[in-house]
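These protein sequences, in sequence, are chains A and B. Residue numbering for the first sequence follows the UniProt record's numbering, starting at 1 and increasing by one per position. Residue numbering for the second sequence follows the UniProt record's numbering, starting at 1 and increasing by one per position.
Think of the hints as simulated: they come from the structure by calculation, not from any bench. Note that the structure is a prediction, hence the values are computed from the model and not measured. Among the hints, a few may not be true.
No copy labels: a pair is met if it fits in one copy or bridges any two.
Keeping only pairs whose Cα atoms sit at most 25 Å apart, straight-line, the calculated DSS-like set for lysine-lysine is [stated by the list, open to error]: (1) Lys152 with Lys309; (2) Lys116 with Lys309; (3) Lys90 with Lys58.
There are 2 protein chains.
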Amino acid sequence: MRQASIYDTTLRDGTQAEEMHLTTEDKIRIACKLDELGVHYIEGGWPGSNPTDKAFFKEIQNYALKNACVAAFGSTHNAKTTAENDPNLKAVIEAQVAAASIFGKTWDFHATHALKVSLQRNIELISGSLAFLRPHLKELFFDAEHFFDGFKANPDYAIACLKAARDAGADVLVLCDTNGGALPAEVAEIIAKVQATLPGAALGIHAHNDAELAVANSLEAVRLGAAQVQGTMNGYGERCGNANLCSIIPSLELKMGVRTIGPENLKKLAGISHYVAETANQRPFPRQPYVGGSAFAHKGGVHVSAVVKNPQTYEHIDPAQVGNVSRVLLSDLAGRSNILFKARQYGYDLEKDDPAVLDLLAELKRRESMGYDYSVAEASYEILFFRMMGWSKRYFQMLNYRVLDAVNDEKEPFSEATVMLQVRGEVAHTAATGHGPVNALDVALRRALEPSYPTLAQMRLLDFKVRVMSMADKNGGGTASYVRVLIESGDRQNRWSTVGVSHNIIEASWQALVDSINYKLFKDDPQKWPRPGGKHDATAPGEVRR
Amino acid sequence: MRQASIYDTTLRDGTQAEEMHLTTEDKIRIACKLDELGVHYIEGGWPGSNPTDKAFFKEIQNYALKNACVAAFGSTHNAKTTAENDPNLKAVIEAQVAAASIFGKTWDFHATHALKVSLQRNIELISGSLAFLRPHLKELFFDAEHFFDGFKANPDYAIACLKAARDAGADVLVLCDTNGGALPAEVAEIIAKVQATLPGAALGIHAHNDAELAVANSLEAVRLGAAQVQGTMNGYGERCGNANLCSIIPSLELKMGVRTIGPENLKKLAGISHYVAETANQRPFPRQPYVGGSAFAHKGGVHVSAVVKNPQTYEHIDPAQVGNVSRVLLSDLAGRSNILFKARQYGYDLEKDDPAVLDLLAELKRRESMGYDYSVAEASYEILFFRMMGWSKRYFQMLNYRVLDAVNDEKEPFSEATVMLQVRGEVAHTAATGHGPVNALDVALRRALEPSYPTLAQMRLLDFKVRVMSMADKNGGGTASYVRVLIESGDRQNRWSTVGVSHNIIEASWQALVDSINYKLFKDDPQKWPRPGGKHDATAPGEVRR
Numbered sequence: 001m002r003q004a005s006i007y008d009t010t011l012r013d014g015t016q017a018e019e020m021h022l023t024t025e026d027k028i029r030i031a032c033k034l035d036e037l038g039v040h041y042i043e044g045g046w047p048g049s050n051p052t053d054k055a056f057f058k059e060i061q062n063y064a065l066k067n068a069c070v071a072a073f074g075s076t077h078n079a080k081t082t083a084e085n086d087p088n089l090k091a092v093i094e095a096q097v098a099a100a101s102i103f104g105k106t107w108d109f110h111a112t113h114a115l116k117v118s119l120q121r122n123i124e125l126i127s128g129s130l131a132f133l134r135p136h137l138k139e140l141f142f143d144a145e146h147f148f149d150g151f152k153a154n155p156d157y158a159i160a161c162l163k164a165a166r167d168a169g170a171d172v173l174v175l176c177d178t179n180g181g182a183l184p185a186e187v188a189e190i191i192a193k194v195q196a197t198l199p200g201a202a203l204g205i206h207a208h209n210d211a212e213l214a215v216a217n218s219l220e221a222v223r224l225g226a227a228q229v230q231g232t233m234n235g236y237g238e239r240c241g242n243a244n245l246c247s248i249i250p251s252l253e254l255k256m257g258v259r260t261i262g263p264e265n266l267k268k269l270a271g272i273s274h275y276v277a278e279t280a281n282q283r284p285f286p287r288q289p290y291v292g293g294s295a296f297a298h299k300g301g302v303h304v305s306a307v308v309k310n311p312q313t314y315e316h317i318d319p320a321q322v323g324n325v326s327r328v329l330l331s332d333l334a335g336r337s338n339i340l341f342k343a344r345q346y347g348y349d350l351e352k353d354d355p356a357v358l359d360l361l362a363e364l365k366r367r368e369s370m371g372y373d374y375s376v377a378e379a380s381y382e383i384l385f386f387r388m389m390g391w392s393k394r395y396f397q398m399l400n401y402r403v404l405d406a407v408n409d410e411k412e413p414f415s416e417a418t419v420m421l422q423v424r425g426e427v428a429h430t431a432a433t434g435h436g437p438v439n440a441l442d443v444a445l446r447r448a449l450e451p452s453y454p455t456l457a458q459m460r461l462l463d464f465k466v467r468v469m470s471m472a473d474k475n476g477g478g479t480a481s482y483v484r485v486l487i488e489s490g491d492r493q494n495r496w497s498t499v500g501v502s503h504n505i506i507e508a509s510w511q512a513l514v515d516s517i518n519y520k521l522f523k524d525d526p527q528k529w530p531r532p533g534g535k536h537d538a539t540a541p542g543e544v545r546r
Numbered sequence: 001m002r003q004a005s006i007y008d009t010t011l012r013d014g015t016q017a018e019e020m021h022l023t024t025e026d027k028i029r030i031a032c033k034l035d036e037l038g039v040h041y042i043e044g045g046w047p048g049s050n051p052t053d054k055a056f057f058k059e060i061q062n063y064a065l066k067n068a069c070v071a072a073f074g075s076t077h078n079a080k081t082t083a084e085n086d087p088n089l090k091a092v093i094e095a096q097v098a099a100a101s102i103f104g105k106t107w108d109f110h111a112t113h114a115l116k117v118s119l120q121r122n123i124e125l126i127s128g129s130l131a132f133l134r135p136h137l138k139e140l141f142f143d144a145e146h147f148f149d150g151f152k153a154n155p156d157y158a159i160a161c162l163k164a165a166r167d168a169g170a171d172v173l174v175l176c177d178t179n180g181g182a183l184p185a186e187v188a189e190i191i192a193k194v195q196a197t198l199p200g201a202a203l204g205i206h207a208h209n210d211a212e213l214a215v216a217n218s219l220e221a222v223r224l225g226a227a228q229v230q231g232t233m234n235g236y237g238e239r240c241g242n243a244n245l246c247s248i249i250p251s252l253e254l255k256m257g258v259r260t261i262g263p264e265n266l267k268k269l270a271g272i273s274h275y276v277a278e279t280a281n282q283r284p285f286p287r288q289p290y291v292g293g294s295a296f297a298h299k300g301g302v303h304v305s306a307v308v309k310n311p312q313t314y315e316h317i318d319p320a321q322v323g324n325v326s327r328v329l330l331s332d333l334a335g336r337s338n339i340l341f342k343a344r345q346y347g348y349d350l351e352k353d354d355p356a357v358l359d360l361l362a363e364l365k366r367r368e369s370m371g372y373d374y375s376v377a378e379a380s381y382e383i384l385f386f387r388m389m390g391w392s393k394r395y396f397q398m399l400n401y402r403v404l405d406a407v408n409d410e411k412e413p414f415s416e417a418t419v420m421l422q423v424r425g426e427v428a429h430t431a432a433t434g435h436g437p438v439n440a441l442d443v444a445l446r447r448a449l450e451p452s453y454p455t456l457a458q459m460r461l462l463d464f465k466v467r468v469m470s471m472a473d474k475n476g477g478g479t480a481s482y483v484r485v486l487i488e489s490g491d492r493q494n495r496w497s498t499v500g501v502s503h504n505i506i507e508a509s510w511q512a513l514v515d516s517i518n519y520k521l522f523k524d525d526p527q528k529w530p531r532p533g534g535k536h537d538a539t540a541p542g543e544v545r546r
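Could you build the full structure based on these sequences and the hints that come with them?
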């Protein structure tokens, strides 16, 4: 089976994305996950450029990676000095890595206008830098910056740069579409010409996504023989991002017969994509191919009824191959077949015309029109479903609550909540302060409930999201609109999401908190009614299974 | 110049996206904008399937569109009846449109397993449906569902379906990659075979993005001669979405020499992409090619200094061609050159080593480490910049504020804010209720300030976003983390964004509100110091220029 190596640059080029900041600790955590995923190279940073990257290369020496080789990034040496005296190249050696990628100019315009050197001097920079580093590294790659634009402008010069790099000892010549504007047909044509001019040279591809073609360009390069693909997790990177390894790897493995990380590691892809997003504090993109939350989510009625019969009808691969799952969304577009599908997951085999189904459908429509969205809060849906099926148990009842936030010029903001609940026949009245009003409410609520329900101590709030549902109303602007709060919670085993909607962010948060607590108590309840059985518990749709 | 027509299906296939809900009014608004953009066809919906779509086709009759032809979507008739008696085909006619796309099965497996009819009967459904509709429509398109998968499974049958559609009068045979899993090289190979078998047939392409290849597959089809491209604005659609017209149109126009909407309309693309996102209440994807907020945003120090010299160095097109703008992000990665670039926009020509620059850099780093992000809140940055440059004017000073939220089982949530400010030598002490705590604060703040600053009445809050900055801390979970609030405000001329960060969502909202009001007052102030001059006012970076 043909092989291609995966060179991940999330920790270097990925951090050029807007709103992307990684600490050294974040980088170490991500590097360990990338190693677990089975990528071949992890580019940790540009050791000569900033202290975070320098610290990473020092710290990663304490980790024994199983699969991946850590690589450093650097540029050809400064034109005013020699390779031996260039601090940037020295930093690459001091990083004590087995592999490095050195980028150099191959577009004549960049050599003369950005570097401001002669074309001949630029070639000397490439040769000199690579020849100097060669004895210090096991593997040495040349990143041919702007190669495709350079080739279009001056093919002979672009090829001369590649030759210089090869002759100076580069193991792989990585063709970069730095500005991200190349078309797949151009990439294919240019690669064929390079192969004709430099037969046998090992080529790599490093694409950017400025024309939404980075994945296609990378796959075209591998189809034509490229041995190395550079990219980032989730396509993070400057401007429109780098080539997205989370799309490239599965297409190579599952559609093109090229072995990269192997089918067993591939099953970790969705989980690790999500881990990287969370660690980098990036909002996951739901429509992301293969690994996104919506990637196998079916909404249209025609699609849903076909997928229930046979998933292959509207799924290009089995989502389990990349660690993802099929989902059926709850929406008025799809209607009853979706409700029946969910009901089966909870252990109910309902008929289309069951009055309970019609009631639930009407209630869902009413709530959707108010801004509730159960497709992203399946635990709230599950509670609603069992309520509609007649489950009337109450773990507690709210009598009232109150939150006060006060600030004056001198002091830290102060938040205090009081909560009054009816719990097991008693009135529980608690007060708490917190870091903000929702935290104060959460603490007061737990104080009121934990004496009666000690398993709540296992539960944690993991994420809290706020969405304003409609813009600028006539009376007073955005803040007078509906607010939807989504809360993600977890305990030792599971994660689940709940929703609340109100004009008031505090009330919406309260609803989502209460649903989350009710869901936890329901799942832990030995006397819950009806008992859906172990099988359904294990795959309950309210839980995020990754 | 070669031409290709653009068939937009945002209003039909786009609404299959998760969390996408469009009312009839939303659809009308979007249709008018698409017409302004110059697309050739607007698929308004599936009139036989739901009341929203039916209402759209009725309502759109009241609008005289300038460029676009409204099209309806429908399926081949039900196998248990005839075309004449099929309510779904009748609804297409009743929609009173000039064009329609009718989808039919071309994958043998789908005919036998999803439709549960014989292969011959499926061909009859195609022929009968198209022949019945033909006299009622000016233009008739056949959407060959699952064509590429069907061709791979049974090429003769897939071609037979196309032939039946052509013979029954279809003007364009639209080849659909319904499951979105096809590779560009496959698409090219299959299209070449179709062209060899059905010479002269007008082909269209309808791609989905499940392998992140929808744009590449669409461009390959047009390169090989396809006359119609179907897709959606921003790539909205089921699962991973449809082919993204916001990427396809500029690549055809600017890179492939194919005329679609023309260069003048192309300049509206970023604005209309944004309009559709806002109307559909979808969070814009910042890394979106061509039109995204980050698409021409430069962060890396090497890139920033080169782009300042010559934008072509790291931009594949001139962003003005698609109505977008270059941006330089403020980040510790890029450092001083970014600060100098912004300063020039405000009318300051600062030296690298100016102590004010070093102070500002230190202050920015301190605030970034607390969670402030000025790259998405340029009005807050502008205020900070002028403060650091010595601007000491105060429009008001906060003495204290307080917000109370109270709920009991019987009533609506109640929010009351009190604000005490020092304004022009007087103490203003106001109280207000509101729809939630931030609205109450906003109203109380305006009550205190409007008597002294009447132009504040022009200002509106347009959007309000909350982001929790770090997950699950040790003491109490997500709600105890830092909260970043972004507020977008606008008046008659401009829009601007401000940021606040605190443990407490109320305090973070307060900071962003106060910055927003200060920015408005600063811009309106005839005595503001220093006066950056008219030129800079017009393009001040705190404003969102679209």
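Checked hints:
1. Lys152 with Lys309: Result: close only across copies, 22 Å inter versus 51 Å intra.
2. Lys116 with Lys309: Between copies, since 12 Å is at most 25 Å while 64 Å is not.
3. Lys90 with Lys58: For Lys90 and Lys58, only the intra-copy Cα distance (15 Å) is at most 25 Å; the inter-copy one is 71 Å.
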